[in-house]
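Chemist: These are the residues of each chain, in order.
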Amino acid sequence: MSTTPNKPVAGKKSDQGFVYLPLIAGWLVPGAGHFLQGKWIRGTLLAVSIIAMFALGLAMQGALYTSTQGILDMLGVAGDLGSGLLYVVSLAAGWGARGVQPNQTTVADYGTKFIVVAGLLNIIAAVDAHNLRTGRKQ
Amino acid sequence: MFHPSHFAAVLLFALFASTVFGITMRDTPQRMFRYGAYCFILFVGSAIVLSWVMLLIAR
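Residue numbers (the working numbering), protein chains in the order written: chain B, 1 to 138; chain H, 1001 to 1059.
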């Protein structure tokens, strides 16, 4: 009885290198996970969308969550942390308001949501870069 | 500072979110574009419909 050798699964990439590098790079810098794999157009579109959303949130005087006193604040910090270095740099530079203020304007509230959603979208983009790296997506 | 109108904020939000959804949820460029456009229309359309519903409730 003859046996056929196992063929690699279509679209499956080799396991060489650190498989989580695109995930971590994509989290720290929006689009970097796609750039590492030569997906220049996808990476550029992702980077422009996420960075623009984060920057517009700051320009709308949106707040960066820093406190973890309540459950909503903790969720806000988790969302903001999704932006990776954008969040860290913004905190260090003193950009954006600190925490949600009671007298916040409607536009500033939109800005806060823009910043949180930019972080969540960046997490989706980083996971997509990881899926590209593992061959789960082409 | 940047002070967009409420509708402009909706359009910007929908544009950026739809771009990311389109790229990450589909495999080929054509399907990415179609899914992104679909998400954009749903974002903006649902915002308009809900705005009218809230206006009618408030009256």
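Hints are computed from structural coordinates only; laboratory data are not their basis.
One or more of the hints may lead you astray.
Claimed, not checked - So, partial list: chain B residues that the calculated Cβ filter (under 8 Å) puts toward chain H: (1) Ile24; (2) Leu28; (3) Phe114; (4) Val117; (5) Arg136.
Note that the structure is a prediction, hence the values are computed from the model and not measured.
Where a beta carbon is used, it is the ideal one built from N, C-alpha and C, also for glycine.
Chemist: Against each hint, give a clear statement of whether it holds in the structure.
Modeler: Structure-based check of each hint:
1. Ile24: With Cβ-Cβ at 17 Å, over 8 Å, it is violated.
2. Leu28: Since chain H brings no Cβ nearer than about 17 Å to Leu28 of chain B, farther than 8 Å, the hint is violated.
3. Phe114: Check passed: Cβ of Phe114 of chain B comes within 7 Å of chain H, closer than 8 Å.
4. Val117: Because about 7 Å separates Val117 of chain B from the closest Cβ in chain H, which is inside the 8 Å limit, the hint holds.
5. Arg136: 11 Å, violated
The structure fails hints 1, 2, 5 (numbered hints given earlier, in ascending order).
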